[in-house]
Each structure stands twice: as structure tokens, then as C-alpha cells.
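K.L.:
Listed below, chain by chain, are the residues.
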Amino acid sequence: MAEDFADKTSRLVSKAEFVEASKQSLNALFGEPATLVIINHLGGAEALQDPKAFYNGLKALFGVGAEIIMKIILKKLETPSET
Amino acid sequence: MNKGKSLGLKDWDDQIHRALAHPIRRRIIECLQERNLSFHELLKYVDTRNHGKLGFHIKALGGLVEREPSVKKYRLTDKGQLAGELIWDTRFTIARSGQDLPLKPARYARRLRLGDHAVLFYDTEDDMREITFPFLEARLLKGEAVVYVVSEHKLDSECREIQRYGINVDHFRKGTFTIMSADEWYLKKGKAQAETVIANWLTLTKEKQKVGFTGLCGATEMKVFFDYAKGEELLRYEAALGRYFAPNLCGLCLYDTHRLDENQFTQLNKSHGHSIFKGIALKTI
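Protein chains in written order, with our numbering: chain A, 1 to 83; chain B, 1 to 285.
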């Protein structure tokens, strides 16, 4: 699952775009302060640079919820005009 | 400890704050809140190899930590337990303000207050109980009436689980703790009316306050909305509660994450002030 996610994201966008889309999705879901808390729990901003590690980190925090968050991020990447 | 001298409130206040001023001492208290530990176990958990340093800090915690000579383990005194609660209260206050401090989800849930509307997203029933039961227990200790709303077919089994967790059955007899059927509470003749359910919550809160409780706390399983395909009504109900939540009510809504789609997940996070997951708890509004 983590590999699938990493593959899909690398095919769709650059690393910088992935970082931006992930932040925006988390912001939209939980708000900015909570997003900072999540990123901090994941080990800092570098955690968003590697989609596979990011997925695994989210899985540890959110359980099945991580899969929903990933779907939301992927949807955002696939339809960037909506951002 | 402190034999021959009785400490006044100010002395205890000073002593507790002095004790909590050092991170190693906070860590010692935090570890001993989980279980009693030997000196060597503490060395491991506090993450120091320096025996002298650990000994110094244990000594500085006199009155809060004591050693059981028979088993050679350290434990918290009543004052130590109080100091432990202070540590977690402080962390919760910081976490609530949106700043980051690690706070285990169950501890976060224990510290929710009247007026808080929170959501728990769980993967398994065990995960759900691991956070919900400490939350309910904490509310009972605060003098609130507690209602646990579960799917009708689980009324007996959850009653047994709650008792197995250690909540005293006397609470059931006194009307402090009630287990109710979600099917009956949320659905009337197959319909789920947000306004009616909210009015019922307010009425029940008033009734409980009339007989002396400080407020009402509810942990409610929301599966019934999915079982009866009432997803839209559910979002309407949660959004209405999100706009106005009674100040003398504390709610923890329990969602099986497997049942949710992206839109429901998003809306539910937006309509609650606190989102709790298996590994993180967030103040979301």
C-alpha cells in the first residue's frame, strides 16, 4: 500500500508539489495548528519529502484513517485545478 | 516521608512545583503513573545511565515518590499521583491551544471537559474501548452523569466489558452510569431527526443536573446511522451539534473508520472540536 502510494504520487507530481498538496489536504481536514502538530509527530517537515515514509507515519498515527487521508491527497493531486 | 512535620497547602504547592521543575523528575513521575518500578527499571525508562543523577532526582521527589521495601520498587504517593495529574493537565492545556506536546489519545480523552464535542475514529472495538473507558471513568470521577450509547445487540456485552475494565457496578444502580441502545436513542420509527435527538440530549442533561450531577457526558457509538443508511442525517446531526454544543454536556462520538468515506471523514473532523485516533489526538477547531 505504501509503495503503491509512493508510485502513484511520483508519477503524478514532483516532490515539491506532493509536499504542498499534502500540507493543503491536512490543513483542509484538521486546520493549520493541528497540521503542524501532525508534521511534528511525523518527525518534522522532512517527513513529507518521502511519500512512502509519510504514508507509514500517518498509518501509525491515524490507523485506517490514514488510508482515507491518502485518498484525499491523491484526489487533490489528480485534480489540481480544484485546489 | 516528612515525619513529624505536617505540610500546609503552600508547602505542598511549593514542593510539587519544585519537583516538577526538572524534566527527569517529570519523567520519573510519568513512568511511575503507569506502574511501580525498580531503580534499574527507572534507569531504563528515564533514559539515563547515571545512577547518581537518578538517585539525586528520586531523593528530590521525597513526599511524592516512595520505595516499597518488600519488593524494592518505587511508587507514587497520593501527592505524587496529584503531581502526575498536574503534568498531564498542563500538557492537555497546551495541546488544546494547538501547540504540540505528545499526549496519548487516552490521556487526551480523559481530560476533555464539559462543553467539549469530540470524535474518536477507531479501527477495532478494542481500540475504541481503550480510549472510551478511561474517558467515561474520568467523567464519573468529576461527578458527571455518564451515558454510554451502543448498538442494541451489544448492550449486554458492553456492560460486561465496562465492569471488566473496573467501573463499579454501584454506578449503574445509582443512575450515575447508564448504558442505552443507540437504535432507540437515535432512531424513532426508522427516522433519525437531528433536532429531536439534540432536544433529547438537552432534556436529559437538565434532568441529571436537577438531581445533583455537574453535567452529562455521553460516549455514543454511531454505527446505527450506517446500519440504517442514514448517512446524510448523521452529517446534519453532527453539523448542528458542531454549531452549538451545550456547555454542560461533554460528548465523545465513536466512529468505526472502516465505515466512512472521504466526505464523511472530512465533515466529521470539521464538526467536532477534537479528533482522536489510535496514535494522536488533535484540537481541530
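Hints are computed from structural coordinates only; laboratory data are not their basis.
Virtual Cβ for every residue (Gly too), placed ideally from N, Cα, C.
Among the hints, erroneous ones may be present.
Calculated pairs, DSS-like style, for lysine-lysine (alpha carbon to alpha carbon, straight line, at most 25 Å) [what the hints assert, rightly or not]: (1) Lys270/B / Lys71/A; (2) Lys223/B / Lys71/A; (3) Lys59/A / Lys104/B; (4) Lys59/A / Lys230/B; (5) Lys8/A / Lys59/A; (6) Lys71/A / Lys230/B; (7) Lys270/B / Lys59/A; (8) Lys191/B / Lys210/B; (9) Lys191/B / Lys154/B.
Looking from chain B toward chain A, a few residues come up when the C-beta cut is under 8 Å (computed) [unchecked claim]: (10) Asp156; (11) Ser157; (12) Arg160.
Far from chain A by the CB rule (all over 12 Å, computed), these chain B residues [claimed, not checked]: (13) Glu41; (14) Arg75; (15) Gly115; (16) Pro134; (17) Gly143; (18) Glu161; (19) Asp170; (20) Met180; (21) Val197; (22) Ala199; (23) Gly212; (24) Ile280; (25) Thr284.
K.L.:
All the hints need checking, so say for each whether the structure fits it.
P.N.:
Results of checking the hints against the structure:
1. For a cut-off of 25 Å, the pair hint linking lysine 270/B to lysine 71/A stands: about 18 Å separates their Cα positions.
2. Annotation: proposed proximity of lysine 223/B to lysine 71/A holds, straight-line Cα distance about 22 Å (limit 25 Å).
3. Restraint check for lysine 59/A and lysine 104/B: the C-alpha separation of about 16 Å stays at or below 25 Å, so the hint holds.
4. For the hint linking lysine 59/A to lysine 230/B, the alpha-carbon distance of about 28 Å lies beyond 25 Å, and the restraint is violated.
5. Between lysine 8/A and lysine 59/A the alpha-carbon distance is near 17 Å, which keeps this suggested pair within the 25 Å criterion.
6. Among the hinted pairs, lysine 71/A with lysine 230/B is consistent with the structure: their alpha-carbon atoms are about 23 Å apart, no more than 25 Å.
7. The suggested pairing of lysine 270/B with lysine 59/A holds, with an alpha-carbon distance near 21 Å, which does not exceed 25 Å.
8. Proximity of lysine 191/B to lysine 210/B is assessed by CA-CA distance (about 30 Å); at most 25 Å being required, the pair is judged violated.
9. Proximity of lysine 191/B to lysine 154/B is assessed by CA-CA distance (about 21 Å); at most 25 Å being required, the pair is judged to hold.
10. This hint is violated: aspartate 156/B has a C-beta 27 Å from the nearest C-beta of chain A, more than the 8 Å allowed.
11. For serine 157/B, the interface hint is violated, the least distance from its beta-carbon to any beta-carbon of chain A being 22 Å, above 8 Å.
12. Contact between arginine 160/B and chain A, as hinted, is not supported at the beta carbon level, the nearest pair being about 25 Å apart and thus beyond 8 Å.
13. Against chain A, the non-interface label of glutamate 41/B holds: every CB pair exceeds 12 Å, the least being about 26 Å.
14. For arginine 75/B, the non-interface assignment is confirmed: its Cβ lies about 31 Å from the closest Cβ of chain A, beyond the 12 Å cut-off.
15. With a cut of 12 Å on Cβ distances, glycine 115/B stays outside the contact zone with chain A, its closest approach being about 19 Å.
16. For proline 134/B, the requirement that its beta carbon stay farther than 12 Å from each beta carbon of chain A is met, with the minimum near 18 Å.
17. Here glycine 143/B stays apart from chain A, with its beta-carbon at least about 31 Å from theirs, past the 12 Å limit.
18. Annotated as non-interface, glutamate 161/B keeps its C-beta farther than 12 Å from every C-beta of chain A; the closest such distance is 20 Å.
19. Annotated as non-interface, aspartate 170/B keeps its C-beta farther than 12 Å from every C-beta of chain A; the closest such distance is 35 Å.
20. Against chain A, the non-interface label of methionine 180/B holds: every CB pair exceeds 12 Å, the least being about 27 Å.
21. The beta carbon of valine 197/B is kept farther than 12 Å from every beta carbon of chain A, the shortest such distance being approximately 25 Å.
22. Interface exclusion of alanine 199/B from chain A stands, the closest Cβ pair being 30 Å apart, more than 12 Å.
23. Taking the minimum C-beta to C-beta distance to chain A, about 37 Å, the non-interface status of glycine 212/B holds against the 12 Å cut.
24. Isoleucine 280/B, annotated as away from the interface, has a beta carbon of chain A within 12 Å; the closest lies near 4 Å.
25. Not every C-beta of chain A lies more than 12 Å from that of threonine 284/B, the closest at about 5 Å, which undercuts listing it as non-interface.
Checked against the numbered hints above, the structure violates hints 4, 8, 10, 11, 12, 24, 25; every other hint is satisfied.
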